[in-house]
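Novice: Chain by chain, the residues run as shown.
Protein chains: 4
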Amino acid sequence: MGLNVPEDLARELALANRILYDHQIVDGLGHASVRHPDDPQLFLLSANRAPALVRPQDIVCYRLDGSALDPEAPRPYLERFIHSEIYRARPDVQAVVHSHSMSVIPFACAGQALRPLFHMAGFLGEGSAHFEIRDAGGDTDMLVSSPYLGQALARSLGQHSCVLMRGHGSTVVGTGLRQAIYRAIYAEANAKLQLSTQALGEPQYLSTREAQLSSDMNDGQIPRSWDLWVQRLGALDF
Amino acid sequence: MGLNVPEDLARELALANRILYDHQIVDGLGHASVRHPDDPQLFLLSANRAPALVRPQDIVCYRLDGSALDPEAPRPYLERFIHSEIYRARPDVQAVVHSHSMSVIPFACAGQALRPLFHMAGFLGEGSAHFEIRDAGGDTDMLVSSPYLGQALARSLGQHSCVLMRGHGSTVVGTGLRQAIYRAIYAEANAKLQLSTQALGEPQYLSTREAQLSSDMNDGQIPRSWDLWVQRLGALDF
Amino acid sequence: MGLNVPEDLARELALANRILYDHQIVDGLGHASVRHPDDPQLFLLSANRAPALVRPQDIVCYRLDGSALDPEAPRPYLERFIHSEIYRARPDVQAVVHSHSMSVIPFACAGQALRPLFHMAGFLGEGSAHFEIRDAGGDTDMLVSSPYLGQALARSLGQHSCVLMRGHGSTVVGTGLRQAIYRAIYAEANAKLQLSTQALGEPQYLSTREAQLSSDMNDGQIPRSWDLWVQRLGALDF
Amino acid sequence: MGLNVPEDLARELALANRILYDHQIVDGLGHASVRHPDDPQLFLLSANRAPALVRPQDIVCYRLDGSALDPEAPRPYLERFIHSEIYRARPDVQAVVHSHSMSVIPFACAGQALRPLFHMAGFLGEGSAHFEIRDAGGDTDMLVSSPYLGQALARSLGQHSCVLMRGHGSTVVGTGLRQAIYRAIYAEANAKLQLSTQALGEPQYLSTREAQLSSDMNDGQIPRSWDLWVQRLGALDF
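Protein chains in written order, with the working numbering: chain A, 1 to 238; chain B, 1 to 238; chain C, 1 to 238; chain D, 1 to 238.
Simulated from the structure, these hints should not be mistaken for laboratory data. We put the CB at the ideal spot given by N, CA and C, even for glycine. Incorrect hints may have been included.
With a Cα cut of at most 20 angstroms, we get these calculated PhoX-like pairs of lysine-lysine [claimed, not checked]:
#	chain 1	residue 1	chain 2	residue 2
1	A	K192	B	K192
2	D	K192	A	K192
3	C	K192	D	K192
4	B	K192	D	K192
5	A	K192	C	K192
6	B	K192	C	K192
Chain B stretches covered by chain A per the calculated footprint, using a threshold of three residues with CB under 8 angstroms from any CB of chain A [to be verified]:
#	stretch
7	97-103
8	138-151
Among the chain B residues that face chain C by a calculated CB cut under 10 angstroms, a handful are [said to hold, decoys possible]:
#	residue
9	F118
10	G122
11	I185
12	L193
13	Y205
14	S214
15	M217
16	N218
17	D227
One chain only, chain A, in its complex shape (with noise of 0.2 angstroms):
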C-alpha cells in the first residue's frame, strides 16, 4: 500500500472506480475519492489509471493542496484538484465522483439542471449546481487542473450534491464513499429520465420535501445495491 493509504479503504475504493466503470458513468476518464478517515487534511485517490483498471496499490494519499504525501508516487490526475478544493470547502463531504456520463453531460451544455424525478434521486434536491469554467479562467483545456479552477467548481457547487460542468461533465459529493457512487450512478438515470420526460410533456419532479424525505430513506438501501454492484463486477484481478 501507498504511503498512509488504510488497506480495506484503497480496495474500497478500487472497487468504487470499478463499480463506475461497470455502470458506464466513467470510461478511460474519471475518477473517485474518499477523504482519509484519520485526518481530515487529506484524500485517497488513485494515480493516473483508468477507472477500470485501478487496483488497490494504486490509490495514493494526497494532502488538499493536491500534492502526495509520498514523494515517490506515481503520475497523478491532472484534475486532483476537483477533489482537493470541494474536501477544503465542504467538511461535511466524504467522498468525490467526477464524471463524464452520458446523459448528464446534455444538461451541461444546455444550461438545465438536474430536478429529481424519481426517489431514487431525491439527493438532487431542489437542483443540480452549474459550473461555468469560462467565468473563472476565460478559454481554459476544459480541465479543473489548478487550484484556483478547483476553488472556483467548488463555490459553485455551494451546499448541493451535485455541480454540472459545462462543455465537460459533472461532480457529485457524498458523505460516504458508497453514497457519492450511488449518486453518481443515479444522477446519469436521473437525467436519462429527465430527458424522455421533457419530450413527452411537462415533467412532475419530487416536491422538496419529497426529495428530502426520499433521499433520507434511500441511504439507509444503498448496501442492498452495493452488494449487487460488486457481484457485477465477477473475478476480480486484486
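Please build the complex by placing chains B, C and D on the supplied structure of chain A, with the hints as guidance.
Specialist: Quick look at chains B, C and D alone, frame taken from chain A:
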C-alpha cells in the same frame, strides 16, 4: 425453505427475479411476488435482497397484513404492502411485479398513460392507471411502505393490469407469475415504442378489442419466451 | 433431420435464427424461413421455438398451404402464413424474415414509411410498404394466422422488400437467406437512423437510383458480414 | 507478415480494428489505416475482412494509387481510395478511420455539422466538414471506390479532422493511429451528446480556443484510454 414456502414455487420466484434483472426491468431494487397456491391470504416474496441475488431460500411467506409467517424471517422489503394490498383488493391477481424500469417512469412523471402500441402489450387494454402518492399521503419518501398507502395504490390500480406511480415507477399484476413477468417486460418495451412513436407522429394504438384479443392470444405463447428467459440466465448459483 | 429438410440448409437456417436474436432483431418471437431449393412449392421454417433456441433438428418442411409435410411434425408457428403466402405471391422471393424489432415498430404505428438513409439500406428503395390488418380482418389478435390474412399481407407487400405491419412489426424478403437476414438487420439500423435524423432536421434520403446501385453493390459484400455474425455466436449447441 | 509490413505496426493496426468494433464504431464494415513509417507514399490497411476479425497477417501495404505492393495480396476493400487520396492530399495525416457509427450518420443525412460539446471532442474544432458524393459523381452506389471520388472526398475534408459523408458515414484523420481511433470513438460520443442536447435546448459548444486547448491536452491522455481499450479486448486470437 422458509416456513410454508413450496420448494418449486420458491425456485420459480427466484428465477422470476433473475429474469427481471436480466431484462433490465429491475436493478438493485424492485420485487416480484406470487400468491400462495394453498391459501389466498398468504403470498411469497423475497426478503430484502437485490432481485439479481435472490435464491429460493430467500423467499418468505407473508400474510396480507405484511407480516412474515416465520417470526425469525430476515429483514423484509419496506414496500411489501404494494403486494399485500393488491392481493387483498384483487382476488383475481395471482402475481405482482413492482419495478423502476427506465422507459416507463417518464410516463408516470409526465402524467401520461401507457397504451398498447403492439400486440405484445395487449394487456394494457385501454391504458395504464395512475397513482399519485401525494393525494393519499401528502409529502412522503415516495415508498408504499404502509397498509394505508398500499390500499391507496390498489384503489388507483382498480381493474387495470398496470399502474404508473408518479415519481417512482410502476406495478403490474397477472393471473400467474409468468404472465406478470411477461407484462413487466413488455410494459417497458411498449413504453419505449411509445416514446419513439410519439416523436414521429400520431400513434395508432390497438383498439380495445384488438388489445383484448392480442392479450388472450399472447397468454398461450408465454412458455416460448419463458424457456428463452431461463436459458439466458445461464448457470445458476442455486 | 425432418422429412425433406436438406441438412446443410437446416443448419444455415438455425444459424440465421441465432444471428437475428444476437442482433436483437427478434426476442422470444419472430421467425426466418427459406424456400426449398428443390421444390418452389415448399419452404423450411422452425417449429414453434424461440429463435435463439432453434437447432437444425427443429426445422420443418411446409407446403404453401401452411401444412407440414411430416404429419408428426411438432407444433408450428401460428404465423407461418406470413411465409407461405409471400412465397406463393412472389416467385422471386427465396427467404422471409418476420420480426418485432424495436426501431421499426414506431414507423408501423405512426404510419410512416422507412426510406433509405444510407447505402446499407439501399434495398428499401422508394420506401417500405404498409399493412393494415384491420382493413383485411377487422378487429383481430393482430396475428397473420390464416391463409386469408397472409394473402392480404402479401398484397400489401407488393413488389417491395419490406412491409411494416401496424400494431405488430415488419416482414422483409430477399432473394436468398443471407440477404434476408442482412435486410432485417439493416432495416432496424435504418429505422434507428431515421428516428434520430428526423429529430435533427430534414433527412436527405438516397435517390431511387442511389438506392438501387447501393443495394446491388451491398449484395456482393454480405459474406464479409455473415462471417462476422457467425463468429459472434461463439460455440453452438448443435 | 505481408510484403513491407512492419510486424509491430501490423499488430497495432489489428488491435485498432478490434477496438473500433468493440466500441461499436464499426460493424462488419469500416476500416482503419496508417501511413507507412518508412515511406510516406505507402500505407497499411487490412485486406477485405470485417474489422472484428482482422489479424496482423491480414494487413497489406498499398501505394497511393490504391494498388497493393504485393501482387498476390488478397482481395482489397473497395473503398481504399478514401485512405490513399487523403494521404496524398494531407501530408500531416498519419492515420485514417472510415466508419458508419450510428450517432454520426444522422448529422451527415440532415446536413448538420458535428461541433465540439465537450473537451473530449475538442479535435472537432470549428466543426466537421461535409461530403456530398452526388456533387462529384452524380448517382452512385455511395462508395468512394475510385481515385476520382477519393480526391473529391479529400477536397471536402480540407484541413478538418472529420468529414461527414451524406448517405454513408464519416471519416476521421489523425497525426497517429491511436489518435485517429480516439477521434472516431469520441466523434460518435459527441454526436450522441449533440442529439440529446439539441432536444433539450440551445447547445453551448466549445469556443474555437477551448477546442484547440482541449484537443492539445487530450493528446497527452490517450495512452490511459488505449490501455483500457486493449484490456477490454480480452484474449486475442493472434
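Novice: Hints first: check each against the structure and report whether it holds.
Specialist: Now the hints, each set against the structure:
1. Among the hinted pairs, K192 (chain A) with K192 (chain B) is consistent with the structure: their alpha-carbon atoms are about 13 angstroms apart, no more than 20 angstroms.
2. Taking the CA atoms of K192 (chain D) and K192 (chain A), the gap is about 13 angstroms. The hint holds against a cut of 20 angstroms.
3. For the proposed pair K192 (chain C) and K192 (chain D), the alpha carbon gap of about 13 angstroms is at most 20 angstroms, so the pair holds.
4. This hinted pair checks out: K192 (chain B) and K192 (chain D) have alpha carbons roughly 18 angstroms apart, not beyond 20 angstroms.
5. At roughly 18 angstroms between alpha-carbon atoms, K192 (chain A) and K192 (chain C) fall within 20 angstroms of each other, so this suggested pair holds.
6. A distance of roughly 13 angstroms separates the Cα atoms of K192 (chain B) and K192 (chain C); the hinted pair therefore holds under the 20 angstroms criterion.
7. Counting residues of the stretch 97-103 of chain B whose CB lies closer than 8 angstroms to any CB of chain A gives 3, so the stated coverage by that chain holds, three being the minimum.
8. For the stretch 138-151 of chain B, the assignment as covered by chain A holds, since 5 residues bring a beta-carbon within under 8 angstroms of that chain's beta-carbons and 3 suffice.
9. The restraint placing F118 (chain B) at the interface with chain C holds, with a minimum CB-CB distance near 5 angstroms, inside the 10 angstroms limit.
10. Interface restraint check for G122 (chain B): the shortest CB-CB distance to chain C comes to about 8 angstroms, inside 10 angstroms, so the restraint holds.
11. The beta carbon of I185 (chain B) comes within 9 angstroms of a beta carbon in chain C, closer than 10 angstroms, and the hint placing it at the interface holds.
12. Because the closest C-beta pair between L193 (chain B) and chain C is about 5 angstroms apart, less than 10 angstroms, the hint holds.
13. The beta carbon of Y205 (chain B) is positioned within 10 angstroms of a beta carbon in chain C (closest approach about 8 angstroms), and the interface hint is therefore held.
14. A least Cβ separation of about 5 angstroms between S214 (chain B) and chain C falls short of the 10 angstroms threshold, and the interface hint therefore holds.
15. For M217 (chain B), the suggested interface contact is upheld, since its CB lies about 4 angstroms from the closest CB of chain C, less than 10 angstroms.
16. Taken as an interface hint, N218 (chain B) checks out: its beta carbon lies about 8 angstroms from the nearest beta carbon of chain C, inside 10 angstroms.
17. Against a cut-off of 10 angstroms between C-beta atoms, the interface hint on D227 (chain B) holds, since the closest Cβ of chain C lies about 6 angstroms away.
Hint compliance for this structure: no hint is broken.
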